[in-house]
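Chemist: Letter by letter, the chains look like this.
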Amino acid sequence: MTYQLAVHRRTPRLGRRLTLTGLALPALLLMVVVNAYPLVFAAIQSVHSGSLITPGPFVGLRNFADVLGDPGFWKAAGFTLIFTASAVFGSWALGFALAILLKPQFPGRGAFKVLLLLPWIVPIVVTAMSWNWLLAGRESLLPSLARALGMGNVMFLGNPTLAMITVCVFKVWISYPFMMMMCAAALESVEASIYEASAIDGASKWQQFFHIVLPVTARSTYISWILMAVFSINDFPTIYLLTRGGPLEATSSLIVLAYKTTFLDFLPGNGIAIAFFMTAVMIALSVVLLRQIRKASLQ
Amino acid sequence: MSESGSLHRPSATPHPWARTTIAAIITLVLLSPILVVFWLALRAPVAWQQAGPTLGTFWYVLTETKVLHWLGNSLLVSLISTVCSVLVAAPAGYVLSRGRGGATSAFSLFIFVLQSLPAVAFVIPLFIMFAHLGLADTLTGVSIVYVASSIAVGCWMMTAYFDTLPVTLEEAAWIDGASLFGGFVRIILPNSLPGILSTALFAFLHSWNDYLVASVFLRSESAFTMPIGLQTFFQQNLADWGPVMACAVIMLAPPVIVFAVLNRYFSIGGIGGSLAGR
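The listed protein sequences correspond, in order, to chains A and B. Under numbering that gives the first Met the number 0, read the first sequence as residues 0 to 298, first letter to last. Under numbering that gives the first Met the number 0, read the second sequence as residues 0 to 277, first letter to last.
The set of hints was computed from the structure by calculation and includes no laboratory data. Small disclaimer: the values here were computed from a predicted structure and weren't measured. Hints should not be assumed to be uniformly reliable.
[To be verified] Covered stretches of chain A, as calculated for chain B (at least 3 residues, CB under 8 angstroms):
#1 17–28
#2 65–73
#3 158–164
#4 221–231
#5 286–292
[What the hints assert, rightly or not] Calculated lysine to any residue pairs in the SDA-like style (CA-CA distance at most 20 angstroms, straight line):
#6 K204/A x L186/A
#7 K102/A x P15/B
#8 K102/A x K65/B
#9 K112/A x K65/B
#10 K112/A x T20/B
#11 K294/A x S104/B
#12 K294/A x I24/B
#13 K112/A x I25/B
#14 K102/A x P165/B
#15 K102/A x F232/B
#16 K294/A x L108/B
#17 K102/A x R185/B
#18 K65/B x V260/B
#19 K102/A x I256/B
#20 K294/A x G101/B
#21 K112/A x E170/B
#22 K102/A x S192/A
#23 K294/A x F109/B
#24 K112/A x I24/B
#25 K102/A x S188/A
#26 K112/A x I267/B
#27 K102/A x F40/A
#28 K102/A x P13/B
#29 K294/A x G100/B
#30 K102/A x I21/B
#31 K102/A x W16/B
#32 K102/A x A92/A
#33 K102/A x L29/B
#34 K112/A x I256/B
#35 K112/A x P15/B
#36 K204/A x G101/B
#37 K112/A x F109/B
#38 K112/A x A23/B
Here a beta-carbon is modelled for each residue, glycine too, at the ideal position from N, C-alpha and C.
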């Protein structure tokens, strides 16, 4: 806070504000044009029927009523919840475990740190194809393994329940590197002297984990959960490229449903109503969550 | 790499090689879906009726498909949007890092809220808007969307880096008569190369890997970027894994190479701090 005073002393207040506004302006303008303005357009389209390009007659809140009355919408909302929860906690658990494994010095540590980020770096288009091969081809790895174990023909992407699990595992696999990087940064902030002091006091590794590591990293863990939740709710390609939302719409999350309603069923009014419904929820949620983050950071 | 050497380090483990073994096994399992891509890429096209691994498949896709064209489009789009992302995100990140008060808080909230909105809600209106401007089926159009959609995380990454620079750095410049803007351009930016490279790397991966925007915007094959080209090729050659995976290898090479070169600068773990306390 000391520099705030320094700034006030040396540059006139107004000039400083103008400069900061100017620096923020390109980002603001671009986000308004590309994100905010189309949302207004989407709001208008959500209360009209009609095709993609030309809006039809005004139908009031009919699209919203249609969408909310459709059991498919609630099914998708349910899967969105499952998908998001497993993405957040699954990738956090794996990422945290790997960050702890890679914390001390050992031969090859630097190489593993980079290699383990690959699922996040390699394009989803590519990894979705290779998972498809691993899971769905008759001759490929996992189905052959299942047959060898006497489980018969396991349809990882054909059975609705299995497909839901598979998509969630795929998402955890794609997302753990992000969590690993977040956790590694948080672990670095724990000073080595704390471990040494607690070891002298006779704390075991597990006691250190539960009484030092978890509490000290709690704030950054919380923030990374929130970020991952937001990323997962809006994650379209991970699901769509692996299963197209099938089988029997079992793996359609809300965003996949919105896309399919708009582009495959050609009902943009309904599709945008779904997306708009998500938007409203996400605005409310993100305002609350950011406030939570700020509160957490004051403690 | 002598064992006695590693013992003297403060954070050395009692059994360093045991840890190496465990890490190697876990890495192998976790990377198996990526190793499979390379293994399948060695298969000959089905039409050749040839068993055994071959590198000829790469020659086949390079000459018989438009993969080089898609690769060029993707490189163009990604490089342009990377440069623009940094140019936009760096000053915005500086504002979040040094600004205080209600306006900065509101700006931070605005970024966070827009970042959390579903892209599907605005791709259609955006497509219609861009169609009026003649940008719909163009690489310029998708580049603009990529820059806009990478601002939030890019801005947080730049903020996290600027937060590590002491303000005394700019203060010295202000005493010498530099303005706030002058201090940012002449003192802060030249000292932020790691932060800039890190943000650039994120922006590059973001635009290289995008599927949704490209699939809605790019309609003609001459404008296809790698993800759309590969996806189309995959659907046309469903059982022909050799050529499909050879294309996949060509697609994953640029981000992996760029990351291999720049990874020591990459740091995204700090973005939590940029969200907090604004």
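Chemist: Does each hint fit the structure? Answer for all of them.
Modeler: Here is what the structure says about each hint:
no. : hint            : result
1   : 17–28           : holds (count 9)
2   : 65–73           : violated (count 0)
3   : 158–164         : violated (count 0)
4   : 221–231         : holds (count 4)
5   : 286–292         : holds (count 3)
6   : K204/A x L186/A : holds, 15 angstroms
7   : K102/A x P15/B  : holds, 12 angstroms
8   : K102/A x K65/B  : violated, 44 angstroms
9   : K112/A x K65/B  : violated, 35 angstroms
10  : K112/A x T20/B  : holds, 14 angstroms
11  : K294/A x S104/B : holds, 13 angstroms
12  : K294/A x I24/B  : violated, 41 angstroms
13  : K112/A x I25/B  : holds, 12 angstroms
14  : K102/A x P165/B : violated, 27 angstroms
15  : K102/A x F232/B : violated, 42 angstroms
16  : K294/A x L108/B : holds, 14 angstroms
17  : K102/A x R185/B : violated, 37 angstroms
18  : K65/B x V260/B  : violated, 28 angstroms
19  : K102/A x I256/B : violated, 25 angstroms
20  : K294/A x G101/B : holds, 16 angstroms
21  : K112/A x E170/B : violated, 38 angstroms
22  : K102/A x S192/A : holds, 15 angstroms
23  : K294/A x F109/B : holds, 18 angstroms
24  : K112/A x I24/B  : holds, 14 angstroms
25  : K102/A x S188/A : holds, 12 angstroms
26  : K112/A x I267/B : holds, 14 angstroms
27  : K102/A x F40/A  : violated, 49 angstroms
28  : K102/A x P13/B  : holds, 13 angstroms
29  : K294/A x G100/B : holds, 16 angstroms
30  : K102/A x I21/B  : holds, 14 angstroms
31  : K102/A x W16/B  : holds, 14 angstroms
32  : K102/A x A92/A  : holds, 15 angstroms
33  : K102/A x L29/B  : holds, 19 angstroms
34  : K112/A x I256/B : holds, 16 angstroms
35  : K112/A x P15/B  : holds, 15 angstroms
36  : K204/A x G101/B : violated, 44 angstroms
37  : K112/A x F109/B : violated, 34 angstroms
38  : K112/A x A23/B  : holds, 11 angstroms
Going through the hint list in order, the structure does not satisfy hints 2, 3, 8, 9, 12, 14, 15, 17, 18, 19, 21, 27, 36, 37.
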